[in-house]
Amino acid sequence: MSFSNNYTSNNAVQQQQQQQQQQQQQQQQQQQQQQQQQQQQQQQQQQQQQQQQQQHLFMNPQTENLQQLYTLVQELVEQINENKKQKSQILHKIDTLSNHINREPEKIKENYKKDILEFNNFLDRKIGSYSSKSYGIGGMNKANHNDESPRESVEILKMQNLKLKELLESEQQETLRNFEILGLHEEGFHKIIEALRSDIVSYRKVVSDIVSNKFQNEVIPKENLEFEVYMDNIDDFQKLMKISEVYRTVLKFLNSNI
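With the numbering used here as the guide, the letters of the sequence shown map in order to residues 1 to 258.
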């Protein structure tokens, strides 16, 4: 129930405010209409005066020049009125802008404080203890005071911008140095690869020479010796075959005589 009562009371207050605003707008419109009516009355009076003057001066020889003078005066009056309108519009815009600026400083101030704190945290992470060392330069330690003005905040942001530029330049220089060091490391890496390749080639050559010497000095002589033994065994086998054939012949001969 309390919530509904508050809601209805808020609606009633808003309606009253809207009605007051509408009444103010109506009053302003009425004032503008009255001003327009007054201007029209003044113009009518001026026209009547001009007509009367023209009637009085109709027979004067200088009537033509006076008529031109009246025309110029009328144009001048219209221009003055137009200038007054423009002046009032400009003053109204200036008042509106002034009111807007007077309402915005707190918001701008909060935004400045937020930016200053964010930049301080960033600089603390990058260069360390920025708030305690560099922040005291030129009144920068006033960033957290409540009586800080937007101009002081702008000055603080400018000094932080300078620090950020210095940090960027140092990072760029560090990057260039790292590129130079990387080039040196790359050159050394290529030299190491060339040395490894030459070592691998020489090692393969040494291994090939060792294997070739072993094959020539040990394997081939042993193969030759085994082949000679094999050939000797074949000769002995052939001799045995011949002896066996002779023995068979003798046995056949003996059997035939019996």
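Bear in mind the hints are in silico, worked out from the structure with no lab data behind them.
Just so it is clear, the structure is predicted and the values come from calculations on it, not from any experiment.
It is possible that part of the hints are untrue.
Within a straight-line C-alpha distance of at most 30 Å, the following computed DSBU-like cross-link-like pairs (lysine-lysine) qualify [said to hold, decoys possible]: (1) Lys-191 - Lys-205; (2) Lys-239 - Lys-252; (3) Lys-252 - Lys-242.
Here is how each hint holds up against the structure:
Only pairs whose Cα atoms come within 30 Å are accepted, and Lys-191 paired with Lys-205 is accepted, the gap being roughly 21 Å. Proximity of Lys-239 to Lys-252 is assessed by CA-CA distance (about 20 Å); at most 30 Å being required, the pair is judged to hold. For the hint pairing Lys-252 with Lys-242, the CA-to-CA distance comes to about 15 Å; that is within 30 Å, so the pair holds.
The structure is consistent with each of the numbered hints, conforming to all of them.
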